[in-house]
Amino acid sequence: MNPILEVEHLSISFTQYQTGMRQRELQVVHDLSLTIEAGSIVAVVGSSGSGKSLLAHGILGILPYNAHMAGMIRYQGKPLDPQLAGHLRGTEIVLVPQGVAYLDPLMKIGAQIRKGKKDKTALTRCRNVLNRYGLGPETENLYPFELSGGMARRVLISTAAVESPKLIVADEPTPGLDAAAAKRILTHFRELADDGAGVLLITHDLELALSVADRVTVIYAGETIENAAVTDFNNGKIYHPYTKALWNALPQNGFVPISGTQPYPGEIVSGCLFAPRCPDRTKDCQEKNIPYSPVGAGYVRCLNAKKGGIV
Amino acid sequence: MKHRLQFAGKKLIRMALLLLGVSLAAFLLVNASPLDPLQTNVGQAALGSMSQEQIENLKAYWGTDTPPVQRYLSWLGGILQGDMGTSLLYRQPVAQVIGQRLASSFWLMAFAWVLSGILGLLLGMAAGMNRGKWPDKLIRGYCLTISSTPVFWLALLLLIIFSVWLGIFPIGLSVPIGMESGSITFADRIQHAVLPALTLSITGVANIALHTREKMIDILDSDYILFARARGESNRSILWRHCLRNVALPAITLQFASISEIIGGSVLVEQVFSYPGLGQAAVTAGLGSDLPLLLGITVVTAAMVFGGNLAADLLYGAVDPKIRKGASRK
Chain A
1 MNPILEVEHL SISFTQYQTG MRQRELQVVH DLSLTIEAGS IVAVVGSSGS GKSLLAHGIL
61 GILPYNAHMA GMIRYQGKPL DPQLAGHLRG TEIVLVPQGV AYLDPLMKIG AQIRKGKKDK
121 TALTRCRNVL NRYGLGPETE NLYPFELSGG MARRVLISTA AVESPKLIVA DEPTPGLDAA
181 AAKRILTHFR ELADDGAGVL LITHDLELAL SVADRVTVIY AGETIENAAV TDFNNGKIYH
241 PYTKALWNAL PQNGFVPISG TQPYPGEIVS GCLFAPRCPD RTKDCQEKNI PYSPVGAGYV
301 RCLNAKKGGI V
Chain B
1 MKHRLQFAGK KLIRMALLLL GVSLAAFLLV NASPLDPLQT NVGQAALGSM SQEQIENLKA
61 YWGTDTPPVQ RYLSWLGGIL QGDMGTSLLY RQPVAQVIGQ RLASSFWLMA FAWVLSGILG
121 LLLGMAAGMN RGKWPDKLIR GYCLTISSTP VFWLALLLLI IFSVWLGIFP IGLSVPIGME
181 SGSITFADRI QHAVLPALTL SITGVANIAL HTREKMIDIL DSDYILFARA RGESNRSILW
241 RHCLRNVALP AITLQFASIS EIIGGSVLVE QVFSYPGLGQ AAVTAGLGSD LPLLLGITVV
301 TAAMVFGGNL AADLLYGAVD PKIRKGASRK
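Those sequence lines, one after another, are chains A and B.
So that you can map any letter, position 174 of the first sequence is 174 in the working numbering, and since no number is skipped, the others follow by simple counting.
So that you can map any letter, position 212 of the second sequence is 212 in the working numbering, and since no number is skipped, the others follow by simple counting.
Everything labelled a hint here was simulated from the structure, so no lab data went into it.
Incorrect hints may appear among the rest.
As the list claims (entries may be wrong) - Think about it this way: if two alpha-carbon atoms lie no more than 27 Å apart in a straight line, the pair counts; the simulated DSSO-like pairs of lysine-lysine are:
#1 A/K183 - A/K244
#2 A/K115 - B/K322
#3 B/K10 - A/K117
#4 B/K322 - A/K108
#5 B/K10 - B/K325
#6 A/K120 - A/K108
Next comes chain A alone, as it looks inside the complex:
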């Protein structure tokens, strides 16, 4: 298999001004690593504030000016530096954003999909891609405010599919849709992956992620804590206590909540970021640096999993 995207030890921090002229570096993303193969969907699951969207913006090279990114991102084996990202975004690497707010409210859908091009090829491509997602040619003349939630989502996928991309970054493409509509949208990503693209599906909905993805990467407080195949979830081969908590919180798996909250960026926590909420924490968990190490066919950031003692 050839990885289309490799992210290694990605960290993102922001320069903030505190009272007066004092600056501080606020680290939001600490250590993200993941790999996406061509033709597969990797779901990135995490709660709000875990750094999911920043990962997407980092890959596309559209972080705000006061953000600093470190670590390595490789696209088809080449380092994805700002120049390359600027060259590829919108053509080979595309973003499917969350909702209709990402469309220019004063521009017709057709013009937005075509990015203003008016030549014949652009027009046909636009027609075809709308047609592919069950939208008639009249959609071209609508404004974003005239779209229903489901239509808006299909239009946003159209903006990506019209480019014949190799890497699709989908940032929460389904909120506000009922389960059936959300499933339908996700099958469109499956089709794009089956056509050979790599899909990075960012979501907070583990259940939806499991229904469409090949692998799932879980993020907690700006760190990747587990990477596992979808089948591993059903077979009980997930090791990190947070991943297990997410799994057990699903209605069909007991609906069990855990107490506590994810630490805020800037809160000083040494050792494992999840330790304060972990039932199995040891003294080492709170002091040592926890490596992201291979366990089985995936990766886990947990000292206990390394010992292989828990399943």
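Once you have looked at the hints, place chain B on chain A.
For chain B alone, kept in the frame of chain A given last:
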């Protein structure tokens, strides 16, 4: 269609009520003014040498012996029949005085209005795009300084620099002194209008630029600009295709709302430059207790401001697809 008629009807009623209120307020203010029209217009000495009969005649001419309610009602009655009355100072029909003054003020105000609109939009966009950097600081500094500068003071400053020191522009009036009206050229008129128009523009720019800057920052922070960048659109494309389109809507409102400021500013500016326009006539009428002229000017300028706001409303409906499509669906 029905919707349009309803809209127009509502606006017309509102305009009638507004003009009634404005004229009443202006009338009450003149009435409460401590100026005695006889003393101001005839002079203390001349008044003393007049017979009682002559004074009575003058009182009747200035209308000081008529009860206020009756004066207002008779003015209102005239207006409803299309008669704005006769100016007491100019001894001409008010409509004619306003017509002449408006003609000479119009180009002044139109030039200032267009220039401040375009400049304000461009400066505001430039500042918003360079938020926090030196062009933004420069433009913001300029706008804040100008906003806190009185118009008449700025007018005096320009007058001193360009007319007195440099001698590029005339120090006042709308045409050269002592010239036959037939031999006055268009260039003469332009040369006399440049400084007043410039003063009005300079002050008008600040407000529009600061508002546009805020809007521009909102737009640049918006999700759709982020998405446009994610789709690989160049900065130029983002600016022309997305920013300009979205900043244009509030700019239209601002531009038409600024008519009131231009008219208000013209009163002061025309006074400084002795420019015989509507603004100057308003000052003369106010100080000379020329009630029909003052009420006439007040009503006409109020109607212009109202017309500007109405134009903004109508244009908004034509430009904003949400309003346009929403209205046609009804």
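Q) Are B/K10 and A/K117 close enough, with their CA atoms no more than 27 Å apart? A) Roughly 43 Å separates the two Cα atoms, so the pair is violated.
Q | Pair hint outcome, B/K322 versus A/K108 [Cα-Cα no greater than 27 Å] | A | Roughly 12 Å separates the two Cα atoms, so the pair holds.
Q: Compare the distance between the alpha carbons of B/K10 and B/K325 with 27 Å, and conclude whether the hinted pair is satisfied.
A: holds (21 Å)
Q: With a cut-off of 27 Å on the C-alpha distance, tell me whether A/K115 and B/K322 pass.
A: Holds: A/K115 and B/K322 sit about 21 Å apart, inside 27 Å.
Q) Is the straight-line distance between the alpha-carbon of A/K183 and that of A/K244 27 Å or less? A) Satisfied, since the Cα-Cα distance of roughly 23 Å is no more than 27 Å.
Q) Holds or violated: are the alpha carbons of A/K120 and A/K108 at most 27 Å from each other? A) Satisfied, since the Cα-Cα distance of roughly 18 Å is no more than 27 Å.
The structure does not agree with numbered hint 3 stated previously, though it agrees with all others.
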